[in-house]
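Engineer: Here are the chains, one letter per residue:
6 protein chains.
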Amino acid sequence: MINQINAESKLVTLIARIEKTILSTGNNGSNYLILNLVDMSGRVEARLWNSTEKDVEELKTGSIIKIEAATNVYRQQLQLKVNSYEVINEEEFEKHSINIEMFSISAPINVDSNFEKLVEFINSLENEVYKKITLEIIKSYESEFKTFPAAVSIHHNVVGGLFWHSYSLLMGAKSIKEVYKYANVDWELVYCGAVLHDIGKVIEMAGKNAAEYTDEGRLLGHISIGNTFVSNKAIELNLQDNRDVLKLQHVILSSHGKNEYGSPVEPSLIEGVIISSLDALDARIYKINDELEKVEKGAWTGRILSEDGRSYLNHYNKKETK
Amino acid sequence: MINQINAESKLVTLIARIEKTILSTGNNGSNYLILNLVDMSGRVEARLWNSTEKDVEELKTGSIIKIEAATNVYRQQLQLKVNSYEVINEEEFEKHSINIEMFSISAPINVDSNFEKLVEFINSLENEVYKKITLEIIKSYESEFKTFPAAVSIHHNVVGGLFWHSYSLLMGAKSIKEVYKYANVDWELVYCGAVLHDIGKVIEMAGKNAAEYTDEGRLLGHISIGNTFVSNKAIELNLQDNRDVLKLQHVILSSHGKNEYGSPVEPSLIEGVIISSLDALDARIYKINDELEKVEKGAWTGRILSEDGRSYLNHYNKKETK
Amino acid sequence: MINQINAESKLVTLIARIEKTILSTGNNGSNYLILNLVDMSGRVEARLWNSTEKDVEELKTGSIIKIEAATNVYRQQLQLKVNSYEVINEEEFEKHSINIEMFSISAPINVDSNFEKLVEFINSLENEVYKKITLEIIKSYESEFKTFPAAVSIHHNVVGGLFWHSYSLLMGAKSIKEVYKYANVDWELVYCGAVLHDIGKVIEMAGKNAAEYTDEGRLLGHISIGNTFVSNKAIELNLQDNRDVLKLQHVILSSHGKNEYGSPVEPSLIEGVIISSLDALDARIYKINDELEKVEKGAWTGRILSEDGRSYLNHYNKKETK
Amino acid sequence: MINQINAESKLVTLIARIEKTILSTGNNGSNYLILNLVDMSGRVEARLWNSTEKDVEELKTGSIIKIEAATNVYRQQLQLKVNSYEVINEEEFEKHSINIEMFSISAPINVDSNFEKLVEFINSLENEVYKKITLEIIKSYESEFKTFPAAVSIHHNVVGGLFWHSYSLLMGAKSIKEVYKYANVDWELVYCGAVLHDIGKVIEMAGKNAAEYTDEGRLLGHISIGNTFVSNKAIELNLQDNRDVLKLQHVILSSHGKNEYGSPVEPSLIEGVIISSLDALDARIYKINDELEKVEKGAWTGRILSEDGRSYLNHYNKKETK
Amino acid sequence: MINQINAESKLVTLIARIEKTILSTGNNGSNYLILNLVDMSGRVEARLWNSTEKDVEELKTGSIIKIEAATNVYRQQLQLKVNSYEVINEEEFEKHSINIEMFSISAPINVDSNFEKLVEFINSLENEVYKKITLEIIKSYESEFKTFPAAVSIHHNVVGGLFWHSYSLLMGAKSIKEVYKYANVDWELVYCGAVLHDIGKVIEMAGKNAAEYTDEGRLLGHISIGNTFVSNKAIELNLQDNRDVLKLQHVILSSHGKNEYGSPVEPSLIEGVIISSLDALDARIYKINDELEKVEKGAWTGRILSEDGRSYLNHYNKKETK
Amino acid sequence: MINQINAESKLVTLIARIEKTILSTGNNGSNYLILNLVDMSGRVEARLWNSTEKDVEELKTGSIIKIEAATNVYRQQLQLKVNSYEVINEEEFEKHSINIEMFSISAPINVDSNFEKLVEFINSLENEVYKKITLEIIKSYESEFKTFPAAVSIHHNVVGGLFWHSYSLLMGAKSIKEVYKYANVDWELVYCGAVLHDIGKVIEMAGKNAAEYTDEGRLLGHISIGNTFVSNKAIELNLQDNRDVLKLQHVILSSHGKNEYGSPVEPSLIEGVIISSLDALDARIYKINDELEKVEKGAWTGRILSEDGRSYLNHYNKKETK
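Protein chains in written order, with UniProt numbering: chain A, 1 to 322; chain B, 1 to 322; chain C, 1 to 322; chain D, 1 to 322; chain E, 1 to 322; chain F, 1 to 322.
Watch out, some of these pointers could steer you wrong.
[As the list claims (entries may be wrong)] Below, a list of computed lysine to any residue pairs in the SDA-like style, where the Cα atoms sit at most 20 Å apart: (1) F:Lys319 / F:Arg303; (2) C:Lys181 / A:Pro108; (3) C:Lys181 / A:Asn114; (4) D:Lys81 / A:Trp49; (5) E:Lys318 / F:Glu128; (6) B:Lys54 / B:Ile100; (7) A:Lys181 / C:Leu237.
It is worth saying that the hints were derived from the structure and are not from the lab.
Since this is a predicted model, take the numbers as computed values, not measurements.
Using the sequences plus the hints, can you model the full thing?
Structural biologist: Here it is in structure tokens:
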């Protein structure tokens, strides 16, 4: 498996899924393929030099391949140089004792049981408007909500990442409520907003293993998609004149916190401030931690684009101290 | 009428509508009222010094009043000092030979006939999706679309301003089509986008004489309201899976041109670039011209906020040269 | 008491402390005084019109005064117009059954018992470096840390505000730890950073009732003052070569999150990201809630400078729903 | 011809002009040449791998070459791999039945006849100052004005591009005049400003086939060059004290709209707002359309730098629908 | 004289020039005049309450007036309240033993003798192009160059301020030459650029006592005016093809250092970097020092707009220590 | 030596120190090494193609190597292609008649004698607080202060660069004092601030030949390190309550001029303005001149990152004209 490969493993045999294929031309004029490989244990980049048209034909995004490859370390990142490969079609999966589930990284939480907890919790709320709209929407898109990633690369880009991220926000909101009991906060709005704030991603992302956005996603954005979900559902439920619907829409629309980050309106409900802050914090912790795990203790991560290009120091390893 | 008052008219009698009342405390501790007055010929600011509670009670936003006032020039702007006033109730309108229509500035175009031209033109388009959605929406909100202003103060803040602004965009788009015939532009999308880009203002603005935004407008913004109009209408018309709907939504969502100006997505259709450019140009010409008309030839306008605080030189008077 | 005054109370008698006196010249050429008054129940602005030199002499920042005043509502904020006043000297406190403690707003938590809890908690940590430095510093400045406000006006500007804010961060950090147990976070660094991040304010603020910053505070800033506290304390404790000291310094230095907000270094430890995020969220919730409490349900707050001038809608009252 | 080459044409023979030669070192240590080729039908990039010093000598910017090359598709852009080449000197042109005009892309309008129309139109204006200065300047630089490109790469980078762009602005301005007849706009100033706004490019660009800027252009910029053209011409015509000259200078100086885009003054005449808006729109439509034409319907363009790195969706093909 | 007035001088008699008159309306509805007064010793603001039309007529910008006034301190700035006034016409100057020179603040250097030194120094340079153009231009505008201020309010707003500022730059440049002798700097270009960089202000400013900019200044800006001075002079001297002319133009055009500060080109000669840095430093020192002189030692200045609103601490008095 | 190599020297033999080794993977899948070489005469980049693990082992940062290499010009920069190499260990230095000092570029000033002049000058100051703290600190770190570079790459990245830069600021400050004798400037504070403003770099930089920053430097930054130096030294000298100490701290903390450039406080002493301006100017002159020296007269430098990516024209060569 991918996470077992390291700089010392000179030659490896690996079965993996191609998350994305990029065709490149080398400076000597010959083509080569960059293969972003993934299995349930992690991701690794492989390169096939001097690729032929047949290679391009076979090594498509989504294919399951078995490769013989040499390891290489480039800018402190492990790379593979493909010596030979074989595409494994679906009918051959059994022969290789594999199934498609083995080639995706999954969120490290039990999505199914936590989804039930989430539904149960929302069901326990008192505000019937927030409750109904939230439950109806997540049930309409239950499968996508439970399996889609939260982003292509910025954060939570794993199967179930969208749910994981949304659920983390809900948990975070519940946990800080006690600290802010002095304030006039409609916590039920915070909770439902946390669950729904990224729901438009079920349309924006191309699928649970998506490495790309859909055209619809690029033209509308998940914020506006989520907003129309609420608007349409309110009409269905004959709630279009209820002002609590506006509040749900507002916390989705304002969830990026600022116009320049893509929110058409900036928060003007205190609940929107809480949701957008927890959203940003959750994404940042995921991403920084993900990069920290790629380097050794004492080393600095590469430049993280979403952190304005900053590097972070890996100074602490939770496993050591437990 | 307001546009007949000038610095020379020492004492005036005027019937006008209060567009907005602002209660202020003077530096001597007594209260006074700032009355933004309007009639069909223009706007003027009046002040009632040493106001009583009864004055506050009577001089409400929306009231029609008859005043005796002295003129005053402050920072090159005419002001009125109210000496005495009388509130005119609706039942007394006839007695004063007035009607409510006389107390609003209207767009200087024939809205009704131009609305018909607009409908006819949209009806002549070939794209059935753009056409149906556009016509259905403007008909649903025909009255508001024809009477609401385009903004509280930035631009086209007159009765019919929303229509005037939208129609100007349509006319502008039609006029430049010939120049850009070399380009791959879906002009029917430009036309329908021009008509619909600000349609959410029928909810965002508080009314045809609105000097304020609605709560719904502040929480959602006209861009997102317009987007849900299209989304909801597409469902009604069973067009929700038609990709042309997405394009209409996109040109509304991207009509402010940049995230930082409140568009949740930036243009990724060339038609969105044309609409957002014409939108900005139309609003700027209106506003700068409006300020130029307040000062004499050879003078500079006050600082215009929407123009980054710049002043403009009144160097040319179209009437002179005609 | 101040919080009992409302628009209906026409004439009031009040004993209060002058938090700040501002001398102004009215547009009629006479002077007047703006008095920011405070007692334990709240704040209110009073004005004394046509003030004399003697008034200026007597109505100094810090004085306790007894006034007869008329209420006035200006831009939806209650104001008082002082008709007569009397300064109450310390020797007369007993006569009026008052003491100085009655004229400050205090943080709505029990600072003493919570300070003990905080010390106990820090004492329970395993990292001796973080623990010792944190405890030594807060003990050196225990009195200031427990009584100073967190800011002049932006947030937590009450007696004990600095402690309240720091303690809220600690509570928030403890509460979200469970959500982020997957990540490589040195929580003890987060906890001590939360406690120390604003400790420099014990020098930066002019006192527990401070309405101003000290010269030292303006020249150095609380971030750099806090950083030298840790550096100096480490030398005292002979820990200057321990790398954990650097980490504590880093999370203080980076606590504003970005250079442009006054942090000389931006976070490069994940713990700095958590602290700066919780810091911003805590200050924002305090400030927005404070403004929400000044307006009625259904109304919008004034423009909040620290929120980029945005207004917030008061849509929910926690007391109603409890 | 270049526009006839596509991914299917495996081996091609082509005569083209080298618009720019870039020497590069491959990662294997050998040099190679990137040749930007152009003929009247379009542009294509070719690469000569393992180039020798002799190759570098011969394959200079500006040379006409005949190549045998293999096609290659790289990041959805067609590339050529040069197998062999031959330089064609001017004396051999006849032999190959070619002439130098065949190796430049030209603006898709008849420059000569449109130039005459432009002159005629300007001649018909009433303002003698605008008219004389404009005509004198464009006649002084007639050849450059009619043949130079409008930019190296951002927009209208074809022979005659400067004229095409300036003429498009004039046409655009004339077409929208009707929409803005209500406003105090000196349209003759708009027209002459449209013609002259980029005139400094006749010095800034290195020539009609320029792929580079002159030193003079880099040190002064076309805006300041154009401004001195007007100033010098006014002295020649003894008009230096006429205030209309200032207005012409102003609309040139302010034509980039904002200081940050290189205008030393921002518009303070309404005509400057119209010119700078039409200028930006014209450049954007050209560039986006140019990129749209490089990709197939349904595909997204590459990231366009001048559009803040955005991609655009090719969703409409004007040829299909005509 | 103005600098002899202080808070203790209760009633004063003063003859001064009105630098600027601003008509205002008080909150009690009556008008008042703000008079910016100046004499050779300094500036002070005076107010005439309850002004009549006759007052407005008489108290014009530029008038010399004799007033009886009461002192007042407002926001730590001294103000005068005019009790009575008398306008002194030119024919009465002798009677009052005054002349117009007594009512302007002058640069604290001997402009005439330093101007001669400057001319002599430029005459001693070796580069004939820089030398001739510089000398010809400053001689053409000798009177304005020697008397005009450098700005309306930002810096060096005194008679001779333009010369003082330009001469300071020249002195600064000469003084640091020794430090940078290692670098490839064309010091003669720096010197001439220092002298000419603001020369366009002789047109931009309305006069030596100017409190306003000319229309020409506002439409073109001093940078572009100075640039055409050089261009026109080069033509006169038949130097239009000499490349050193371009360099002089470049250092004028780039003297604001960045596009966003109004330079149409940013420095691409090292000499432009030196000039723009010394320019900014000189203006800042003047302005900050000017504000420091208004407050007492130990106090902070008001917010200085050109310093991003920062206040400065007056901590050192050069007179004390000399 | 490196500065004797040029494009004409086809094959060269060179002994140099590796300032930094970067391992790269070529597009053909083989590794290569980029070697930044340095000797006392300059820097040059060399590449070893198809590197083996043994090469990587031997060609470490810091090694002294003897190479046979071919010259190559890439983007107008000279490069070397290593044909063969030999590592020279310290014990072999004598055999090759070399010593370690020969492989560093040094500041082109006599550091030792100028350091003595600096100490003497500071000793001559009157302010005992500034004097003692400055002298004590630079003596504590004398060796580092005299040998460390001022930055890794931005400016003065040579042995002794930190001293050179600090000394240049001192010289610059002394030279302009005469120009600003009218202003209230505490020049002794300027002088000591100039000397100390970057002193934290003795910790931030990894050594005199440093091509990297220390972890401590990255976590704290040289500004905060320098600030604690002063704070700690003041305690040692029992000066912690002296307000002049605050001023020294302030000019260090504010030396980057703006928050966004990493200063935790912006200047609020006029001396801080002078120091930060001279600091920026000195760094810019060094860097631009350094780039100008890499290209021929008449050519443009590459894009300079610290100059917002601008190129500069080499138009003047000081050697020619001397």
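Engineer: The structure should be examined with respect to each hint, and the outcome stated for every one.
Structural biologist: The hints, checked one at a time:
no.	hint	result
1	F:Lys319 / F:Arg303	violated, 24 Å
2	C:Lys181 / A:Pro108	holds, 11 Å
3	C:Lys181 / A:Asn114	holds, 16 Å
4	D:Lys81 / A:Trp49	holds, 18 Å
5	E:Lys318 / F:Glu128	holds, 18 Å
6	B:Lys54 / B:Ile100	violated, 24 Å
7	A:Lys181 / C:Leu237	violated, 39 Å
Consistency with the previously given hints fails for numbers 1, 6, 7, ordered from lowest to highest.
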